[in-house]
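Here the protein sequences line up with chains A and B, keeping their order.
Under the numbering used here, the letters of the first sequence match residues 8 to 298, in that order.
Under the numbering used here, the letters of the second sequence match residues 2 to 224, in that order.
Among the hints, erroneous ones may be present.
[What the hints assert, rightly or not] Listed below are the simulated DSS-like cross-link pairs for lysine-lysine, each with C-alpha atoms no more than 27 Å apart in a straight line:
(1) A/Lys-28 / B/Lys-84
(2) A/Lys-238 / A/Lys-225
(3) A/Lys-275 / A/Lys-238
(4) A/Lys-27 / A/Lys-17
(5) B/Lys-84 / A/Lys-27
(6) B/Lys-84 / A/Lys-190
(7) A/Lys-27 / B/Lys-4
(8) A/Lys-275 / A/Lys-292
(9) B/Lys-84 / A/Lys-199
(10) B/Lys-217 / A/Lys-139
(11) A/Lys-28 / B/Lys-217
The hints are simulated quantities; they were obtained by calculation from the structure and are not laboratory data.
If you want the building blocks of each chain, they are given just below.
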Amino acid sequence: MAHGHNSNEKVVYVGDSRVKKNNHPNIPPDYTSFPGKSEAFIPNFLLKEWMVGCVVLVGFLVWVIAEPAPLGYPADPTNAAFIPMPDWYFLFLYQFLKYPYVSQDYILLGTVGIPGVMFGALLLAPFLDTGKERRFYRRPIASSLMGLTLIACVYLTVVSWDHYQHQLEINGQVPEHIEREEKAREAAEAGKERPNYTKPTVEASLVDANDPAMDIAKQAQCVGCHAADLKGQGNAPSLIGVGDRLSKEQLVETITNGRGNGAMPSFKESLSTEEIDELSTWLSKQKATAE
Amino acid sequence: MFKSVYNWIDERLDITPLWRDVADHEVPEHVNPAHHFSAFVYCFGGLTFFITVIQILSGMFLTMYYVPDIINAYASVDYLQHKVAFGQIVRGMHHFGASLVIVMMFLHTLRVFFTGSYKAPREMNWVVGMLIFFIMLGLGFTGYLLPWDNKAYYATKVGVQIAESVPVIGPYLASFLYGGDIVGAQTLTRFFAIHVFFLPGALIAMLAAHFIMIRKQGISGPL
Chain A
8 MAHGHNSNEK VVYVGDSRVK KNNHPNIPPD YTSFPGKSEA FIPNFLLKEW MVGCVVLVGF
68 LVWVIAEPAP LGYPADPTNA AFIPMPDWYF LFLYQFLKYP YVSQDYILLG TVGIPGVMFG
128 ALLLAPFLDT GKERRFYRRP IASSLMGLTL IACVYLTVVS WDHYQHQLEI NGQVPEHIER
188 EEKAREAAEA GKERPNYTKP TVEASLVDAN DPAMDIAKQA QCVGCHAADL KGQGNAPSLI
248 GVGDRLSKEQ LVETITNGRG NGAMPSFKES LSTEEIDELS TWLSKQKATA E
Chain B
2 MFKSVYNWID ERLDITPLWR DVADHEVPEH VNPAHHFSAF VYCFGGLTFF ITVIQILSGM
62 FLTMYYVPDI INAYASVDYL QHKVAFGQIV RGMHHFGASL VIVMMFLHTL RVFFTGSYKA
122 PREMNWVVGM LIFFIMLGLG FTGYLLPWDN KAYYATKVGV QIAESVPVIG PYLASFLYGG
182 DIVGAQTLTR FFAIHVFFLP GALIAMLAAH FIMIRKQGIS GPL
């Protein structure tokens, strides 16, 4: 074909591709042969559709701007008080599985049996309802089955939601996303920053825990009051991060002479000056933020 | 200029029939709300598609900020919601759009059911439509976990436990969804992948089949 074509050929191709040379006129059809007032999809009908679409979009945006999407607190697998709740369009199934004969011993009926039959019937509706009649009031069986199912779904959803509200009331709980929003609003009104639930909670730990000074701390019975991990107990404060509060000189002073009328005893007798110095140097390095 | 570029392409690829087929198809009187107001029930399918497009677009923008791992997921959603310009609106569109899609799809399904439009020769389109319905529910279920707040976590846990109670395939289904034995790091990445790649891919294929069948068969006639 790349060699050109003779005029007797019925199909004329463009170059050597399989695209046929187009010689039909580009005229849109009129719809006079169709019954009723038919119109073209583009642009006549699509234009109207877009206008409806714009109205819908504006309405939707107004809704979205007025109502922020909910967000609760970060997932906490140890939270035993949380009442699980699926999205609203699963509630009918969620509620359904709470009834006897479709739960526990009969759970098979609840998860596979009845939903399987219902969704299966819906999926295969055209093969079950094979009559030619299309008007719903002339198909009483199909229409009433669908009607009943709809009523049942609405009922189950409403009951499930009611039950949830009731449970919240009993437990004195407010849904987390509402509580969170409320707290954010209160903080904003008080001029404070919004509570942040996303800060990484870094476990504070000892800096240079293997330092020989730790042995001094053990020998001198520091651990007796400040706990074995030096996190403090009772009135004895945590020594982790003590370097943020006290300088080395202040630490030497505290260890040597004690503090708070003997609440923190003096170690003048039990430790040498060098040991106190070593211990204080180490403790002054105990800062929460790594340098 | 535009015309000559168009003609140049059209001569080579013959693109006119492609769009002409879509553009010139007739919209009959009985589905046109301009002629019969009650025909608005025929709009629900188009609105479902419209909201689906919103979902795809807003979802694409959300993935610019969302991080699918259990440490950062919540923080990234929090950041998106409060710090990113228009983030609250885009997330709101995706969150509420999900509900709206279900509502519109539900109304569309009811319209098709009660007008008997699923009957021969349109059985296959109904079946494909129902598959779209299930895919949408799957998208709703997998998307619910992604913010990684308590609501997400416990709803997913309950959902997978229900799936687990199915005999024989239940445990396999559960370990496929969990990616282990609990709702955890693997579950979140899995749900993210299913929500963002697997199900949308299936959805687009099904929507294409749905629309091609409608174009082929035309809309069902007046009652």
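Evaluation of the provided hints:
1. Using a Cα cut-off of 27 Å, the hinted pair A/Lys-28 and B/Lys-84 is violated, with the two alpha carbons roughly 57 Å apart.
2. Pair hint A/Lys-238 plus A/Lys-225 holds up; C-alpha atoms about 14 Å apart against a cutoff of 27 Å.
3. Straight-line distance between C-alpha atoms of A/Lys-275 and A/Lys-238 comes to about 23 Å, which keeps the hinted pair within the 27 Å bound.
4. Distance check on the hinted pair: A/Lys-27 and A/Lys-17 sit about 11 Å apart at the alpha-carbon level, within 27 Å; holds.
5. Distance check on the hinted pair: B/Lys-84 and A/Lys-27 sit about 56 Å apart at the alpha-carbon level, beyond 27 Å; violated.
6. For the hint pairing B/Lys-84 with A/Lys-190, the CA-to-CA distance comes to about 17 Å; that is within 27 Å, so the pair holds.
7. The hinted pair formed by A/Lys-27 and B/Lys-4 meets the criterion: a straight-line CA distance of about 20 Å does not exceed 27 Å.
8. Between A/Lys-275 and A/Lys-292, the direct Cα distance comes to roughly 22 Å. Compliance with the 27 Å bound is thereby established for this hinted pair.
9. In summary, the hint linking B/Lys-84 to A/Lys-199 is supported, as the alpha carbons are separated by about 16 Å, within the 27 Å threshold.
10. A C-alpha spacing of about 21 Å is found between B/Lys-217 and A/Lys-139, which places the hinted pair at or below 27 Å, so the restraint holds.
11. With a C-alpha separation of about 25 Å, the suggested pairing of A/Lys-28 with B/Lys-217 holds against the 27 Å cut-off.
The structure is inconsistent with the numbered hints 1, 5, although it conforms to all the rest.
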